[in-house]
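Just so you know, the sequences run in chain order A and B.
So the first sequence is residues 537 to 720, counted in the working numbering.
So the second sequence is residues 537 to 720, counted in the working numbering.
Please keep in mind that the hints were generated in silico from the structure rather than gathered at the bench.
Owing to the predicted nature of the structure, the values given are computational and were not obtained by experimental measurement.
Incorrect hints may have been included.
Stated by the list, open to error - Taking lysine to aspartate or glutamate pairs in the DMTMM-like style, the calculated list, with each CA pair at most 25 angstroms apart, reads:
1) A:Lys602 - A:Glu615
2) A:Lys692 - B:Glu615
3) B:Lys714 - B:Asp539
4) B:Lys714 - B:Asp626
5) B:Lys704 - B:Glu684
6) A:Lys696 - B:Asp700
7) A:Lys619 - B:Glu568
8) A:Lys602 - B:Asp623
9) A:Lys646 - A:Glu615
10) A:Lys625 - B:Glu599
11) B:Lys602 - A:Asp539
12) B:Lys644 - A:Glu599
13) B:Lys625 - B:Glu615
14) B:Lys602 - A:Asp623
15) B:Lys654 - B:Asp700
16) B:Lys703 - B:Asp651
17) B:Lys622 - B:Asp651
18) A:Lys692 - B:Glu699
19) A:Lys622 - A:Asp651
20) B:Lys692 - B:Asp595
21) A:Lys622 - B:Glu599
22) A:Lys634 - A:Glu707
23) A:Lys622 - A:Asp639
24) A:Lys625 - A:Glu615
25) A:Lys634 - A:Asp623
26) A:Lys602 - A:Asp539
27) B:Lys602 - A:Glu599
28) A:Lys602 - B:Asp595
29) B:Lys692 - A:Glu615
30) A:Lys602 - B:Glu568
31) B:Lys602 - B:Asp626
32) B:Lys619 - A:Asp595
33) B:Lys602 - A:Glu568
34) A:Lys619 - B:Glu599
35) A:Lys619 - B:Asp595
36) A:Lys602 - B:Glu599
37) A:Lys602 - B:Asp539
38) B:Lys662 - B:Glu615
39) B:Lys696 - A:Glu699
40) B:Lys619 - A:Glu599
Protein chains: 2
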Amino acid sequence: MSDRTEFRFAGSGGQGLILAGIVLADAAAIYENKNAVQTQSYGPEARGGSSKSEVIISDSPIEYPKATMVDYMVALTQESFTKYIKDVKDNGIVIADKELVADFSNAKGKLYVIDMVKSAREELGKLLGLNIIALGVLVELSGIVSHESIEQALMKRVPKGFEDYNKKAIEIGFRLAKEIKNNK
Amino acid sequence: MSDRTEFRFAGSGGQGLILAGIVLADAAAIYENKNAVQTQSYGPEARGGSSKSEVIISDSPIEYPKATMVDYMVALTQESFTKYIKDVKDNGIVIADKELVADFSNAKGKLYVIDMVKSAREELGKLLGLNIIALGVLVELSGIVSHESIEQALMKRVPKGFEDYNKKAIEIGFRLAKEIKNNK
Numbered sequence: 537m538s539d540r541t542e543f544r545f546a547g548s549g550g551q552g553l554i555l556a557g558i559v560l561a562d563a564a565a566i567y568e569n570k571n572a573v574q575t576q577s578y579g580p581e582a583r584g585g586s587s588k589s590e591v592i593i594s595d596s597p598i599e600y601p602k603a604t605m606v607d608y609m610v611a612l613t614q615e616s617f618t619k620y621i622k623d624v625k626d627n628g629i630v631i632a633d634k635e636l637v638a639d640f641s642n643a644k645g646k647l648y649v650i651d652m653v654k655s656a657r658e659e660l661g662k663l664l665g666l667n668i669i670a671l672g673v674l675v676e677l678s679g680i681v682s683h684e685s686i687e688q689a690l691m692k693r694v695p696k697g698f699e700d701y702n703k704k705a706i707e708i709g710f711r712l713a714k715e716i717k718n719n720k
Numbered sequence: 537m538s539d540r541t542e543f544r545f546a547g548s549g550g551q552g553l554i555l556a557g558i559v560l561a562d563a564a565a566i567y568e569n570k571n572a573v574q575t576q577s578y579g580p581e582a583r584g585g586s587s588k589s590e591v592i593i594s595d596s597p598i599e600y601p602k603a604t605m606v607d608y609m610v611a612l613t614q615e616s617f618t619k620y621i622k623d624v625k626d627n628g629i630v631i632a633d634k635e636l637v638a639d640f641s642n643a644k645g646k647l648y649v650i651d652m653v654k655s656a657r658e659e660l661g662k663l664l665g666l667n668i669i670a671l672g673v674l675v676e677l678s679g680i681v682s683h684e685s686i687e688q689a690l691m692k693r694v695p696k697g698f699e700d701y702n703k704k705a706i707e708i709g710f711r712l713a714k715e716i717k718n719n720k
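Input sequences plus hints: build the corresponding full structure.
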């Protein structure tokens, strides 16, 4: 079995998907001594407004840095869900936001529909931080890095003055993922 | 001849290499309708403090997103220069900062030693923006995207309130590259 794990953040520009990917890669590489590659690809398919950011994490050196068999995908728009789900493994995990994605007709893998937007609105007061909530969900569901590692990486990448806000956001993600794990 | 062009920003964490890469990829993909991949890799070789960010730009879809034959590299630390120069093509272009890199014993390609730090210090008043000066140098030397495209992409990615500062930084980069082109 390969120890390579592929993550894909799918959504639209401006949702902070790249930052989420960078923080995950930092956490794995800097704080847990793994190999990591963070990639953002733009192609003809991305011109419609969909955007994705990918992270591959492995204990071994990563030869091919493009995600091809996605283990974990989070989708923060309908369009990106529909466009980018095709590479998810049959036994992969897909997290979609309950308000932002409604059509699951081409779903693959194991689907978790989670109310991240609602939690952002109610607990953070705005949608800024949705990317970090999603990151928290992915980390909790995958167990790829510890809470401590992801929080340390996060604190290094967020703007000064936004540390507490982002800490709150990632903890919302941990909690939402725990709740859904307990319900299944 | 392939239309694939590979860029590598090499330096240390905290120098803003990822942002420089993202802005270049945005400029090519969003404003000039090309294909682009922006990648950040961490491996055992990166643990010493060196860091790199890569961008591949092509008119065709990009199958292999890792830089292997680097056309343009900019180095903002000695360690990263020494570590990452090996993949530069024989006829590639290497830009090194005059204050930060001194040992060129394993140089490859065509080397430009440019006083970017000095210009940042004298014209911006601090080193913040060195990444954007370097980006301006790369854009001017490569001609990969227009000044307009890179400036539009830059304005979308910089924090509010820092637009003028970054515009000044990238224009310093354009000018430094023009000066060195005229001198050769």
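Here is how each hint holds up against the structure:
| no. | hint | in the structure |
| --- | --- | --- |
| 1 | A:Lys602 - A:Glu615 | holds, 21 angstroms |
| 2 | A:Lys692 - B:Glu615 | holds, 22 angstroms |
| 3 | B:Lys714 - B:Asp539 | holds, 24 angstroms |
| 4 | B:Lys714 - B:Asp626 | holds, 23 angstroms |
| 5 | B:Lys704 - B:Glu684 | holds, 14 angstroms |
| 6 | A:Lys696 - B:Asp700 | holds, 20 angstroms |
| 7 | A:Lys619 - B:Glu568 | holds, 22 angstroms |
| 8 | A:Lys602 - B:Asp623 | holds, 19 angstroms |
| 9 | A:Lys646 - A:Glu615 | holds, 19 angstroms |
| 10 | A:Lys625 - B:Glu599 | holds, 20 angstroms |
| 11 | B:Lys602 - A:Asp539 | holds, 20 angstroms |
| 12 | B:Lys644 - A:Glu599 | holds, 24 angstroms |
| 13 | B:Lys625 - B:Glu615 | holds, 19 angstroms |
| 14 | B:Lys602 - A:Asp623 | holds, 19 angstroms |
| 15 | B:Lys654 - B:Asp700 | holds, 19 angstroms |
| 16 | B:Lys703 - B:Asp651 | holds, 18 angstroms |
| 17 | B:Lys622 - B:Asp651 | holds, 23 angstroms |
| 18 | A:Lys692 - B:Glu699 | holds, 23 angstroms |
| 19 | A:Lys622 - A:Asp651 | holds, 23 angstroms |
| 20 | B:Lys692 - B:Asp595 | holds, 23 angstroms |
| 21 | A:Lys622 - B:Glu599 | holds, 17 angstroms |
| 22 | A:Lys634 - A:Glu707 | holds, 19 angstroms |
| 23 | A:Lys622 - A:Asp639 | holds, 14 angstroms |
| 24 | A:Lys625 - A:Glu615 | holds, 19 angstroms |
| 25 | A:Lys634 - A:Asp623 | holds, 21 angstroms |
| 26 | A:Lys602 - A:Asp539 | holds, 15 angstroms |
| 27 | B:Lys602 - A:Glu599 | holds, 9 angstroms |
| 28 | A:Lys602 - B:Asp595 | holds, 18 angstroms |
| 29 | B:Lys692 - A:Glu615 | holds, 22 angstroms |
| 30 | A:Lys602 - B:Glu568 | holds, 23 angstroms |
| 31 | B:Lys602 - B:Asp626 | holds, 18 angstroms |
| 32 | B:Lys619 - A:Asp595 | holds, 22 angstroms |
| 33 | B:Lys602 - A:Glu568 | holds, 23 angstroms |
| 34 | A:Lys619 - B:Glu599 | holds, 18 angstroms |
| 35 | A:Lys619 - B:Asp595 | holds, 22 angstroms |
| 36 | A:Lys602 - B:Glu599 | holds, 9 angstroms |
| 37 | A:Lys602 - B:Asp539 | holds, 20 angstroms |
| 38 | B:Lys662 - B:Glu615 | holds, 22 angstroms |
| 39 | B:Lys696 - A:Glu699 | holds, 18 angstroms |
| 40 | B:Lys619 - A:Glu599 | holds, 18 angstroms |
Hint check: no violations occur; every hint is consistent with the structure.
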